[in-house]
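*Asks:* Work the whole structure out from these sequences, hints included.
Each chain, written out:
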Amino acid sequence: MSWQGKGKTTIVGIGYSELSRRPQKSLGALSLDACRAALDDAGLSAEQVDGLATFPEAPFHGAGTQDGEQIVSVEYVMNHLPLAPDIRWYAQIETGLIASAVIEGVNALLAEACEYVLVWRALHNPRGRYGAWSGNRAPGDAQFMAPYGCTSIFQWHAMAWQRYMHRYGATREHLATFVTNSRRNANLNPNAYFYTTPMTREDYFAARWIAEPLCLFDCDIPVEGCVALVLTTAERAVDLRHPPAYIAGYGQNTSRRRALFHYSLDNYMESGHSLASKLWSSSGLGPQDMSAAELYDGFSPSTLYWLEAAGFCGQGEAYRFIQDGRIALEGELPVNTFGGSLSEGRLHGMGHIAESVMQVTDRAEKRQVPNASAVCAIDGSPMLRGSGLVITREP
Amino acid sequence: MATAREKPRPLIDNLTRPFWEAAREHRLVIQRCQDCRYFNHPPRSVCNACHSAALTFEPVSGRGTIYSFSVMYQPNVAGFGDELPYLNILVELEEQPQLFLVSNLSEVQREQVRIGGQVEVYFEDVDAELTLPKFRLIA
Ligand SMILES: [Zn+2]
Numbered sequence: 085m086s087w088q089g090k091g092k093t094t095i096v097g098i099g100y101s102e103l104s105r106r107p108q109k110s111l112g113a114l115s116l117d118a119c120r121a122a123l124d125d126a127g128l129s130a131e132q133v134d135g136l137a138t139f140p141e142a143p144f145h146g147a148g149t150q151d152g153e154q155i156v157s158v159e160y161v162m163n164h165l166p167l168a169p170d171i172r173w174y175a176q177i178e179t180g181l182i183a184s185a186v187i188e189g190v191n192a193l194l195a196e197a198c199e200y201v202l203v204w205r206a207l208h209n210p211r212g213r214y215g216a217w218s219g220n221r222a223p224g225d226a227q228f229m230a231p232y233g234c235t236s237i238f239q240w241h242a243m244a245w246q247r248y249m250h251r252y253g254a255t256r257e258h259l260a261t262f263v264t265n266s267r268r269n270a271n272l273n274p275n276a277y278f279y280t281t282p283m284t285r286e287d288y289f290a291a292r293w294i295a296e297p298l299c300l301f302d303c304d305i306p307v308e309g310c311v312a313l314v315l316t317t318a319e320r321a322v323d324l325r326h327p328p329a330y331i332a333g334y335g336q337n338t339s340r341r342r343a344l345f346h347y348s349l350d351n352y353m354e355s356g357h358s359l360a361s362k363l364w365s366s367s368g369l370g371p372q373d374m375s376a377a378e379l380y381d382g383f384s385p386s387t388l389y390w391l392e393a394a395g396f397c398g399q400g401e402a403y404r405f406i407q408d409g410r411i412a413l414e415g416e417l418p419v420n421t422f423g424g425s426l427s428e429g430r431l432h433g434m435g436h437i438a439e440s441v442m443q444v445t446d447r448a449e450k451r452q453v454p455n456a457s458a459v460c461a462i463d464g465s466p467m468l469r470g471s472g473l474v475i476t477r478e479p
Numbered sequence: 012m013a014t015a016r017e018k019p020r021p022l023i024d025n026l027t028r029p030f031w032e033a034a035r036e037h038r039l040v041i042q043r044c045q046d047c048r049y050f051n052h053p054p055r056s057v058c059n060a061c062h063s064a065a066l067t068f069e070p071v072s073g074r075g076t077i078y079s080f081s082v083m084y085q086p087n088v089a090g091f092g093d094e095l096p097y098l099n100i101l102v103e104l105e106e107q108p109q110l111f112l113v114s115n116l117s118e119v120q121r122e123q124v125r126i127g128g129q130v131e132v133y134f135e136d137v138d139a140e141l142t143l144p145k146f147r148l149i150a
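In order, the protein sequences belong to chains U and G. Be aware that the first sequence starts at 85, since it is given in this note's numbering, and climbs by one per residue. Be aware that the second sequence starts at 12, since it is given in this note's numbering, and climbs by one per residue.
By construction, these hints were calculated from the structure, which means they are not laboratory data. Not one of these hints is a red herring.
Take a look, some chain G residues computed to stay more than 12 Å from chain U by CB distance: (1) 37; (2) 38; (3) 69; (4) 105.
With the Cβ distance kept under 10 Å, some of the chain G side facing chain U (calculated, not the full set): (5) 18; (6) 21; (7) 22; (8) 24; (9) 51; (10) 52; (11) 59; (12) 60; (13) 78; (14) 79; (15) 84; (16) 87; (17) 91; (18) 94; (19) 113; (20) 145.
Here the structure is a predicted model, which means the values were calculated and not measured. For each residue, glycine too, the CB sits at the ideal point set by N, CA and C.
*Replies:* Laid out in structure tokens, this is it:
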């Protein structure tokens with residue numbers, strides 16, 4: 085059954101702040117930069133914004149939650165931008181990831197709760213060692229992991245990828261193809277942290293281990309900055325500065341798990357399918373209709389799991405599917421055309437959405453996929469949580 | 012080794028106390044549902060499988076297989092600096108699919124570790140208050 089909201093809401097503006105490792109400005113100031121840029125891009129004024137949504141989660145436990153410095157909440161943006169005097173709706177969510185905040189905005193527009201929605205994702209890059217465990221008493225589930233030195237999400241991803249390699253016969257040679265392809269795309273993306281830094285396969289194999297079998301370049305690059313989007317209805321979108329990108333469908337990961345203790349690879353297909361099946365059924369489109377795929381890559385293997393769970397290839401086939409130029413810009417399914425989180429920067433999926441909009445509105449410049457008509461953006465890891473959008477050129 | 016004393020310790024709570032108290036006695040116990048017999052780990056107040064609250068701890072064999080492993084190179088966790096790089100294994104206990112415990116694998120070369128390898132529990136007395144169940148390869 086197709087979704088009645090298909091093509092009725094749009095993304096009409098994109099704004100990037102500077103993305104850097106150690107900015108001079110506060111995260112709050114960067115976020116206001118991104119919001120103003122998104123409004124400017126749409127050709128709207130701040131006073132027209134009467135809806136707000138974000139997913140403000142800190143990048144890891146212990147990274148801090150000081151508003152305007154380490155996170156940027158709805159409250160912060162309301163207080164620091166001259167928005168509509170009577171804001172009609174907002175949402176600050178904790179589940180999904182950033183596509184879920186966009187989904188909230190879409191539903192608010194469909195419900196006529198508001199007219200113009202600003203959605204942003206601000207990411208803080210704490211000083212000190214990224215992801216360091218703080219505190220010597222491990223509460224909750226962590227008490228069964230931290231005493232063994234297993235506290236970081238990348239250690240879980242490392243174990244999942246180890247298992248994948250064992251099960252299907254993949255190697256790091258296969259993964260190198262994906263990581264270097266992403267970097268080639270980032271080298272065409274002026275917003276990317278690694279815009280001017282190329283990467284060869286030799287560079288990839290020379291990188292230090294983080295948690296074997298994952299090396300430094302299998303991990304996304306933490307940045308501090310913000311990306312913002314402006315959403316409105318299809319009717320209101322027609323007179324704005326750029327052609328609108330239509331929201332054709334959405335999905336969230338709704339799989340049930342008995343244990344959240346670990347990243348077992350065993351349920352990634354059904355878990356990811358719980359999201360992807362809704363993407364395809366709501367939009368009436370399928371993987372074969374996608375001109376490109378922007379698939380979450382907080383750690384490089386996640387994109388491979390998504391290729392399988394979303395049906396771009398069969399289970400256990402992604403590591404072969406990505407070879408031979410198939411996912412390059414000129415290939416049959418360009419993947420992470422902007423460089424992904426690995427090479428653009430860690431924005432928890434917001435870059436994936438922004439790029440999908442760029443592609444279907446012919447604004448991706450040197451990395452433009454010709455006549456891109458439909459692109460999907462999916463965030464999260466299929467075995468955990470996440471959300472996604474199908475974004476199209478036509479309603 | 013000075014830094015080993017800085018390693019994180021469990022913040023034991025009412026749900027997890029039976030697990031750690033048994034470990035002090037060098038016994039491995041896992042919370043089990045008395046209605047559907049599902050093992051829940053980490054312990055829960057409601058069964059993950061059937062949502063019953065009739066949960067008690069039962070001894071398990073302490074035997075399992077290596078479901079996966081990784082080698083940690085980052086000094087992210089206090090007290091582990093001297094041991095870098097160190098091995099983490101995810102042990103699937105023989106009692107139930109996907110019943111996992113995390114462990115280190117000490118004094119083992121990286122090349123000796125393989126998925127599917129057989130392991131058994133042993134108990135490392137950290138000090139008077141804490142014993143950690145750990146796993147080693149079965150020869
Ligand atoms: Zn039960």
